[in-house]
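Participant: Okay, here's what each chain looks like letter by letter:
Protein chains: 2
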Amino acid sequence: MKNVSNRPRVVIVGAGFGGLAAAKRLAGKRVDVTLIDRRNHHVFQPLLYQVATAGLSPADIAGPIRGIFSRAPNIRVLLDEVTGVNVFDGEVVLKGGTKLDYDWLILATGARHSYFGHDEWSAHAPGLKSIEDALAIRRKVLLALERAETETDQRMRLALLTFVVVGGGPTGVEMAGAIAELAQRSVSRDFRNITPRCSRVILLEAGERVLPTFPPELSRAAERSLEDLGVEVRLRAPVRDIGDGYVDTAKELIFARTVVWAAGVTASPAADWLQVDKDRNGRLFVEADLHVAGHRNIFAIGDTANAPGIGGAALPAVAPVAKQQGKFVADVILGRRSGTFIYRDFGNLATIGRSRAVVDMGRLRMSGFIAWLTWSAAHVWFLIGFRSRLAVTLNWLWNYLTYQRSARLITGEVEFSHPQPRSQPLERKCA
Amino acid sequence: MKNVSNRPRVVIVGAGFGGLAAAKRLAGKRVDVTLIDRRNHHVFQPLLYQVATAGLSPADIAGPIRGIFSRAPNIRVLLDEVTGVNVFDGEVVLKGGTKLDYDWLILATGARHSYFGHDEWSAHAPGLKSIEDALAIRRKVLLALERAETETDQRMRLALLTFVVVGGGPTGVEMAGAIAELAQRSVSRDFRNITPRCSRVILLEAGERVLPTFPPELSRAAERSLEDLGVEVRLRAPVRDIGDGYVDTAKELIFARTVVWAAGVTASPAADWLQVDKDRNGRLFVEADLHVAGHRNIFAIGDTANAPGIGGAALPAVAPVAKQQGKFVADVILGRRSGTFIYRDFGNLATIGRSRAVVDMGRLRMSGFIAWLTWSAAHVWFLIGFRSRLAVTLNWLWNYLTYQRSARLITGEVEFSHPQPRSQPLERKCA
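Chain order of the listed sequences is A and B.
Going left to right, the first sequence walks through residues 6 to 436 as the working numbering numbers them.
Going left to right, the second sequence walks through residues 6 to 436 as the working numbering numbers them.
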């Protein structure tokens, strides 16, 4: 890009929490910003699991990036994919071959699923990172229920009604709780041949407890809440293999047609673009002020960065870290700040299902209904834009009061090749 | 299906307006009903164009069919595809080979796009019948704007910003108006390199006037409203050819990357299943009480049927006809009614855009703001379920007050292979 204005050119790659926070801080300032993302929308990722379980619509938790910067003429939004960085010439290379010059570069490219070297599992156990992922999981869960309704082979029916979530972090816990609610509620109301007793939701966690980043007593509270919802929690159960219709742990072979991956992520290939060292999760090592070692004008933030926290351990891959880092590097670029980025931890929240959550705010730890209200308020508050907040609040209130799920749509073509025997009894049955 | 209960078995194929109305009337009665649809959701088709133009989310206008019949144990909902009917044995054949016995059969399979023998046009000019269609058009329109923003070839940029709607019936008029509003509003707010002046929306109608089923003065009012919105209305402009990036009418070759087909529909293949005569739109001929000639226990309703109206002309393919026919045949099956189906026409409505509509209720004809309020109220009222009504009303109110579009998401993978030249000026430009 030709430098028309002589103002510093900032290129931000990725419009997640980190990139968006940086761009917002730079809006209206004397810099020319180009914000590049592969999608036209920002996604509020903490609520993606609600789209995956038919509680919310995509537009409730995602909005066009352009719309956020309507009134900021110094922010240019570009729908494109970055394929590399030419650090010597200070250029970002786009998929079509175009190059964009930068004076400052912010890498906020986020993370994607990691199958620990078993990429072949991805076909059977989709992860949850984008709106497309969420819609694919929603489709899979809803279709499994539909097929179970007409399936007469008992073993296949049970496999269709068995849902496995791999990974007991916040996403896994939230997914397991929401699937249990969805399957049991809608099955008991709307289906004729299957009953809630038939469906199983199994949460597999390799470690000693779910929510390992929370205090142990909150992990135990979460486990109890999950069990109240009918989720079978399996601890110390690392996955050995996942294939078409099954999950194999060291102790057990589970037949399940729906498996959701919530176990591991890896950073996007930003480290490879710069040809610098990365940690085992693919994250770039950054200095105290978040610039990449050896590149004073390149910053990495959020899930892309391995930034040292207190005690030297890397900061967690959560939204508040990314947002605070985005603001920090914007201030560094504007010359308003320097020195060391310090993460202010306001606490951790995770929800388990209707009326249940755990909250860890240092000395204040709680679980149950009040924790759930806190979780709801915090999530609605941080949603982008007043409209989404209102839409989500109303949807939740509606779902809460009616026990319904408002977005139970199976979209995309459905395969109808399953042969069914001629006679189908109307009465309910289940093993 | 084995007849367990000895009650009459009714099979309804299709859960559009007609099939749903029939099933609702049969709910709780002494009949066993199986309602079959290829999708798990009912779509409120009159508002599909709002999903296609990013005003509403799919879940706002569609809901799971099962949910509608939660409390009606005699209605079984089946997600499957019908491939044929065996009239001698009284069986419906499903895709997987399963057969369902019926005592009464209601064919409510609706219509799909017809390209008048030019099926090759479908790849370039998608129609609007399903949620998937609407999302595909939304994606196409939004991506065209995104690409125009970075395109530097002047001719390509203009083709990206030219939107052609083929067909001046209600769907075509509504689409053209909504695209014009979307393109101009969001372009003027959120984009940097393109301006509203650059974009063109062209409505092609083969006949003498738009909305040919309305009185001529309302057609003229609609044309004026469209022109106020910046839509170029071309009358007597039949399409000769549609290809990759162009539409050819007898008088004009239009370069456009986005073409929407709203010109013709044909009935689904129900006539072929029964091997009976069909009209040139593929519709089954039905007798006065809507049974198919020669098959006293098979009814055809809605867009599937050619039912004679006053004066002998076929009844129009609109939702009220399908709904009234659905109730009527349900009553015939229940032995509550017989004789001739008579359509009660309460009027015709079409909207053109923000604050503009035409209403034809016999002696009462109006256009403008009051007509638009009438249109809005009627559409909200007829939406399935209180929740959708509330969601749509709030969305509309929000969109109306803020001039925003709440569902501007491009979902699915985006191709980024377009090469772009190195320097891109930030200033706006347009031919």
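Derived from the structure by calculation, the hints contain no laboratory data.
These numbers were taken from a predicted model, which means no experiment stands behind them.
Any given hint could be a false lead.
Treat identical chains as interchangeable: a pair holds within one or across any two.
What the hints assert, rightly or not - Computed cross-link-like contacts, BS3-like style, restricted to lysine-lysine with a CA-CA straight-line distance of at most 30 Å: (1) Lys134 with Lys29; (2) Lys332 with Lys256; (3) Lys134 with Lys145; (4) Lys256 with Lys283.
Participant: Please work out whether the CA atoms of Lys256 and Lys283 approach to 30 Å or closer within one copy, between two copies, in both situations, or in neither?
Facilitator: neither (34 Å within a copy, 62 Å between copies)
Participant: Have a look at Lys134 and Lys29 and pick one of within, between, both or neither, based on CA distance no larger than 30 Å.
Facilitator: within (23 Å within a copy, 40 Å between copies)
Participant: Between the shortest in-copy and the shortest cross-copy C-alpha distance, which are at most 30 Å for Lys332 and Lys256: within, between, both, or neither?
Facilitator: Classified as neither: same-chain Cα gap 47 Å, cross-chain 57 Å, threshold 30 Å.
Participant: Between Lys134 and Lys145, at a C-alpha cutoff of 30 Å, which is it: within one copy, between copies, both, or neither?
Facilitator: For Lys134 and Lys145, both the intra-copy (16 Å) and inter-copy (23 Å) Cα distances are at most 30 Å.
Figure legend: structure checked against the earlier numbered hints; hints not met, in rising order: 2 and 4.
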